[in-house]
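Trainee: Listed here are the chains, written in short residue letters.
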Amino acid sequence: MLRSFSRLGGISASRICFQQPTVARISIASFHMGSRPNAVSASTSTATSPSTPLPPPMAASIPKPDTPLPPTTANATSAQGTDAEPVTGASSGQLGAEEDKNTQDDAESAASAFAEFTPVSPEQARSLTQNPILSQLVNTIMKDGKKARAQRFVADALLEIRSRTQSDPYHVILDALELASPILKLTAIKKGSKVLQVPTPMTERQRRRKAIVWILEASDKRKGEKLFKDRLASEFLAVVNGNSGALVKKNQLHKMALANRANASLKY
Amino acid sequence: MAHRFLASTPLLRTSLSLTARARAAVPAQYANYVTASAVVMAGGKAKKAAPKVKAQSNSFRKKKAADDDKGESGSGGATRLNEKYYKPSIPVKVEEFLPSTATKEHVGQVLGFPSTVVPALAQTAYPTLLNEQFELIKPAALVVRDSTVSFLEKVDEAMKTPSAQSRIVLTGEAGSGKSALLLQTVSHCLSAGWIVIYVPKATSWMNSSFAYNKVANTTSFVQPLLASNLVGQIQNVNKSILDKITTSETATVGRHEVEKGTKLSALLEVGVKDQFAAQDVMEVFMKEIGAQKDIPTLVAVDEVNSFFRPTQYLSQDGKELDPEHLKLSKLFLNYISGKSTFKHGAIVAATSDTLLANKSEVLDVALGVKEVSPYKRLSQTILPWTQGLTSVEVPNYTREEAKGVFDYYKKANIFFDAASEPLFLNKFITSNGNPRKFFTACAKGI
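Going line by line, the protein sequences match chains A and B. Those letters in the first sequence? Residues 1 to 268, by the numbering used here. Those letters in the second sequence? Residues 1 to 446, by the numbering used here.
Bear in mind the hints are in silico, worked out from the structure with no lab data behind them. Note that CB positions come from ideal geometry on N, CA and C, so glycine has one too. Check the hints yourself; a few may be wrong.
Label pairs and their calculated CB-CB ranges [what the hints assert, rightly or not]:
{"#": "1", "chain 1": "B", "residue 1": "Leu129", "chain 2": "A", "residue 2": "His254", "range": "45 to 51 angstroms"}
{"#": "2", "chain 1": "B", "residue 1": "Thr218", "chain 2": "A", "residue 2": "Asp220", "range": "54 to 60 angstroms"}
{"#": "3", "chain 1": "A", "residue 1": "Ser121", "chain 2": "B", "residue 2": "Arg399", "range": "41 to 47 angstroms"}
{"#": "4", "chain 1": "A", "residue 1": "Thr203", "chain 2": "B", "residue 2": "Arg399", "range": "51 to 57 angstroms"}
{"#": "5", "chain 1": "A", "residue 1": "Gln197", "chain 2": "B", "residue 2": "Ile429", "range": "52 to 58 angstroms"}
{"#": "6", "chain 1": "B", "residue 1": "Leu425", "chain 2": "A", "residue 2": "Lys190", "range": "55 to 61 angstroms"}
{"#": "7", "chain 1": "B", "residue 1": "Thr430", "chain 2": "A", "residue 2": "Lys267", "range": "41 to 47 angstroms"}
{"#": "8", "chain 1": "B", "residue 1": "Pro422", "chain 2": "A", "residue 2": "Lys185", "range": "37 to 43 angstroms"}
{"#": "9", "chain 1": "A", "residue 1": "Lys226", "chain 2": "B", "residue 2": "Arg399", "range": "38 to 44 angstroms"}
{"#": "10", "chain 1": "A", "residue 1": "Gly224", "chain 2": "B", "residue 2": "Arg255", "range": "32 to 38 angstroms"}
{"#": "11", "chain 1": "B", "residue 1": "Arg377", "chain 2": "A", "residue 2": "Asp220", "range": "50 to 56 angstroms"}
This is chain A alone, in the form it adopts within the complex:
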C-alpha cells in the first residue's frame, strides 16, 4: 500500500502523514512570513495563497541607495524631540523625555519593501527571536542546531557595527539585505533538448536568504579579521558602502536574467 502511494506522485512514505490541506498550507506560509495573531492582519493576505497571482517584480519599490528616503511627517517633527509614538507616552516620565527618532525610523523601515511584518510589541522590534528578519539571519548562520551560538554571533556583529558607525545597526543590516538581494532567480527548464534559463520571481524570504548566504560567503573570504563577528560586521558595512562580493554576485545574476528575459514568457 505504501509503495503504491510513492509510485503515484513521488511522495516519500514519511511524508504521507504530513500532507497538509490547502487551508493549513496558508497558515504555515504565514507563520514563515512572520505574522502573529495580534499583528497587522494585512500581512496574511499577501501572495501566499495559491489562487492569487504572483506579485510584480520588486525593482520599482526598492529604494535606491543613493536617494534618501522620502520625508514623512514623523521625520519632520523628529528634530524637535516630540514624543510622536504612543508607546513612549506610556513610559515613565524620566525615560520618555527623549526624542524617538528610532521609532520613527522604524516606521520608515516598515514602509520599505522588506519590513512589512510588524513585530508584536515595540520593545521587541530588534529582538533576535521575535524579529523575522533577524531570526532568519540567525537561523541561516546556525549550524548543527546551535542556536545560542548563532544568536551570539549576530548580537556581537550588531554591536560591532554600532561601535564602528555610531548608528543603529539594525537599519544597517536592513539596508544591506535590501541592497544584496536579487529580484529573481533563474530556473533551468528543458525545452526539447535545450536547457533554458527562465527568470522566475522569488518570495521575500527567498530573496533575503540569498542575500544572507552571499554575505556570509563573502565574509568568509575576508582575511585579517580573526573573529566571525568582525568579518560579518565588516561585510554588512561593505555592502552598505557599495563594495562587496555579494553585490557582485547579485549584479551578475541580474545581468543573466536580463539576457534571458525572453524566456520569461515561456510556460512550463
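For chain A, the structure is supplied; the task is to place chain B on it using the hints.
Mentor: Positioned in the frame of chain A, the structure of chain B alone reads:
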C-alpha cells in the same frame, strides 16, 4: 614557556616571544649563512617570480578589481563610506565621581571618573571585562550604588586606623560589580589624596608571564621586570604626593645606596631604571609609607584569589611555587594578612570569577563564602594567610540603580529601541539585576 626556566639574559627584559628571542640570539655572522638548499630554492623561486611579474602587469586592472573587498571601505581609496550610517562618536556627558558626589542622593546616577584621576587610572589597565564596556561608551563611568556609598564610608573610617584592622575582600557572584566597586574606591582615594597602589590583574603576577630568578641561599624567587613595572606605575600614579615624603634612613637597594632624606619619588626612580633593584625598592618604599601617619595608603588588589592558590611557576624540583615563595607576592601577602601594616591605611581586595581555574577554595572557605566537607584537605601553607580577612558582599543592582544605568545606556546609544518601562523590565528581570548580564541584555539583546 621559556619563563619557566631559570635564565636572566638581557633579552628577557623585553617582551619578545620565544621564536623572536631565538632569532635575535643568532650571532650576525651566522645570520647570513647560505646553505645549498637555499640556493636551489632561490633558483626555483626566481623561475616562479618571472612569469608572475608578467601576469601582474598584463592583468593589472583585473587584479585591482578583485582586491576591492579589502576592508569595509575598499583599498582603492576611491570608494566612499555611506554617510547615512557613519556618524561621529559623541562622548556622553556625565558628572564627576568625587567624594562630594558619592552620596545617597546620587544613588542611581552614573558618574564619570574625574579628570584628575583618569591619567592615574590609565597607568594600569582596567579590569578586562569592564574595559570592554569602557571601550564602547566613552568616557569611563560607573553608577553610584547603595553598596558604593556604604563601602566608601567604611574606607573613610579606615583613614585614621592601621591597615591591619581594615583588610576587606569584596565577594559576590560573577558580574555583580566587585571590580567596579574597587575601581570606585581607587578613584575616591585618589581624589581624597591617599597613596594608592592599584593592582588590576594579580593573576598576571602568578601565571608565569614574567621572568623569575632564584635568590641565593633562600627558597624565594624575585620577578625583576614585574617589580620594576609596578614601581613605575606607583610612581606615575602618586607622583605629586610622593614628593612630600622622604626616607627616614639610608638604605641599600640592589647595587645602589639611597641616602636618608631622599624623596620617595626619587627612590622609586632607582627601581624603574634598574629592574634588579626594584624588589628592594618596593620593600623600602612600603616600609616608609607605612611608617608615616600624614598620608594614608590604599592597597587595592583585584583578582586576589590568585594570591591564595599555587602559582604557575615551578621550583628547581619541578614543584609549583606558592605565592609566598615569590618575594613581591609575599610582600603584598604580608600586608593582606596583617603581618605588616601601614600606620594609616586600608587593604581592599576583590575576587574574580573570570577564570574558573583561578578560583581559590581556601579563600572562599576562609571568607565564609563556600562550605566544604570538614574532611577536605585545605592547603595548610596557604590557609594561615587568610586569617582576619573581612568579607563584603556586593549585591546585584536594585531597581533604582538599574533604572539609572538603563537611562545612561540609552543616552550612550547602546541600544536603539524606545526606552520604555516594559523594555527596562524585560532587561532587568531576565538579567536578575546582575550588572554584567544587564549590560549584555541591553547592548546585545541576548
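Trainee: Out of the numbered hints, which ones does the structure contradict?
Mentor: The structure conflicts with hints 3, 4, 7 and 10, although it agrees with all the remaining ones.
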